Amino acid sequence: MFGAFLYLTACSFKNRMRRRLRRLREPRYLIGLLVGVAYFYFFLFRPRNAAERAGRRMQGLTRLLAPLHVIGAVVLFGIAAFAWLFPGAGTPIAFSRPEVQFLFTAPVTRRQLLHYKLIRSQLGMLLSTALITLLVRPGTFGAGWTFMAGLWLVFMVVRLHLMGVALSRSSLAQHGVSALWHQGIPIAVVLGATGMLADTLLTDWPVVMALPDVSSVFAHLEHLSTSGAAGVILWPFRALADLPLAASAGAFWAALPPVLILIVLNYVWVLRSDASFEEAAAAQAEKNAREKGAPRPSGAKVTATPFRLQPEGPVEIAILWKNLILLGRFLSLKVLLRLIPLVVVLAIAARGSDRAGGLTAVLAAMCIPLAAMFSLMGPQMMRNDLRQDLGNMALLKSWPVSGAAIIRGEVLAPAIFVSVLVGLFILTGTLLGAEVFNRIGESAASLAARLSYAAGAGILAVAFILAQTVILNAIAVLFPAWSAVGSSRSRGIDAMGQRLLMMAGILLTLVVALLPGAAVAAVLVLSVYWLTGTILVVLPALLVTGVVIVECWVVTELVGRAFDRTDVTAIEPVE
Amino acid sequence: MIDVQNLTKVYGSFRAVDDFSFRVSPGEVVGLIGPNGAGKTTTLRCLVGIQAPTSGTVTIGGRNIVTDAIAAKQQLAFMADEPQLFDYLTVMEHLRLTGRLYKVTDVDARAKPLLEELELTEKAQALPSELSRGMKQKVAIACGLLHEPQAMLFDEPLTGLDPLGIRRMKETIVARGRAGAAVIVSSHLLHLVEEICTRVIIIDRGRKIADGTLAELKARPELAAAGSSLEAIFLTATAREQ
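Chains as they are written, first to last, in the numbering used here: chain A, 1 to 575; chain B, 1 to 242.
If you are wondering where the hints come from, they were derived from the structure by calculation, not from laboratory data. Mixed in with the good hints there might be a few duds.
Far from chain A, by Cβ distances over 10 Å, these chain B residues were calculated [to be verified]:
(1) Asp18
(2) Pro35
(3) Gln84
(4) Arg178
(5) Arg220
(6) Ser228
Computed footprint of chain B on chain A; a stretch qualifies when at least three of its residues, placed anywhere within it, have a C-beta under 8 Å from a C-beta of chain B [unchecked claim]:
(7) 386-396
(8) 554-567
Here the structure is a predicted model, which means the values were calculated and not measured. Don't be surprised by glycine CBs; every beta carbon is placed ideally from N, CA and C.
Input sequences plus hints: build the corresponding full structure.
Take a look at the structure:
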């Protein structure tokens, strides 16, 4: 059976590579590959800079090494603790639909299925570790292989442990109260360990805060993590973190035995689990297959529509209505919670850059980068438009509606949503940011002046966002194979090259789109300033946005014709 | 109503549909049958404008599906074998969206009897994820029928339906034909085609190999020996080709 699994893994890998090679016959993939290879060459392998870069990286790595041991151990502890305390709603081990179809119905034991998943996961881990090693780029081959091998073994332990935790939790669900008692012990241990670590840190917190610099802080944390109760708790995690960070081959071999013991222990634990995962895995595979290629809001509830759709009126509004419904039903508390780390990071950064101000200054300082970020990234992130609907191309093309109207309707929802979001950030930043504006000058700090700047920025943001959304949707029509269908993405160096090319193309097109309006606005601003000494803000912004809107209309008309001619077979299935 | 002249669709060097011509008049229910890969779905997709023909013309109610696509599609409904629904719209919202797209001003008035006919009334506020495969098929068909199209294309319409659903679906298709619509039903279920279709077109390897009523097909000398059932005729006709 092991041979069959190896055969399946090897054939799948071989055929995936073959498919990627075969698609290079298409110029777009070939160009994409060339760009991807060039990217790797110039940023990772370029011989002229190799020694210098490696030296710089190694210096950085050496400087960071001590903190990395501590950080690595704490992160690994966090992963394990999180897995125990917050088990996911999914199945312990994920299988694809064909795997369920072929392997679950075959005379294969549970243990063999587990072995298959372990074999299968090794390939991905090896590729990931190779990529990370390339990016970190240790200076010597020796440092390279110890880092890669160490990281691979760490990944293996993490994978085995997560599998074991998931199977244990599954067993708990299957066996009821007796298992609860049985499983309660490790959960109590994890809780106790977390509490002790927190207690150690909190007890020493005044000492940590009194330390003069970051390196002293890490040195103290290093000491804390190797002594007392924290040292005992973190020992296995430190043992893991030490392996890829070993400074020499000798240190690597010395660090290897505890990691091998951890691998064996976790492996035995996984194999001894009596949890039955097949049924849940089969159900999950069906669900995943259904969800592939579209934003299926798991557990989506029927909520009120954004507005009542009248039976008559422009088709664009009907498509806007449809896409706003998607947004309303897709955006859940869970999605919003994912933004919390970003907000926290921005808050810390804002606090750091604005120590003098109070909470309002911090909020204002946060809003400005958020507005900039969403203006630039929002259209890429909000895909409730044609990019999402490419999977429904056959349905869209059966509608008695012109391609131009479909594209206009599709771009409206993300453009409006992102514009409103950015507008809110700008408004909040303006209202709370009197101190920030004060630094520019007293005249800029008055509410009227601030609102004027905010209006100008908000209006310009609309142009920026609309143009990007139209460009992204135009790419979906003109180069459908370059645009991911639904939520899936093509993989491979050629696909990465395509994305780089696309990003460059988007930025270039954006500049070209903004130039005519900007030129007209510049003439207006300079003329008025020359004549009256007044600097106009809102009117030039309106001019730029007006020109961009006209351009977008023209582009949707042209791209709409291409949409009408597009064949559904041009939409390539994504790997 | 549906007029197909010399339709050809080529993918690279492969001719999926080859010089295919036929007409479907108002009130006719035509069965389009053929082996796997014969070109049935490609033909239907070219008819509905989802795919562009390599050559040939398709007109719906006198409107060319390529050059006058919007007017042609306005008279058309295509019920695909795999129902494509927006996962985040309820059944009723699907109907409202379809109504707006096809300029149906009295959606509510039309939706009620349609939902009743297709036994979807209780599911009007359900999302597709709450529906079975058969129910999704019914929703797609309800959307297709909402604007009372004059030309209808059904691709494997009975897939996923329960026995009662199958009976209702057959009644629905026949009723639309009797009401004057031109209907094409593509299916591998030959007994269904034999039961509800007034005419049969057999396609194989992209080419039309037979066209006529069951009686006309039986009367053809090369098929006369096949027997009286459509299944026997189909097997004989496609075997001759192979």
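Quiz item: Of the hints stated earlier, which fail here?
Solution: Failing hint: just 3.
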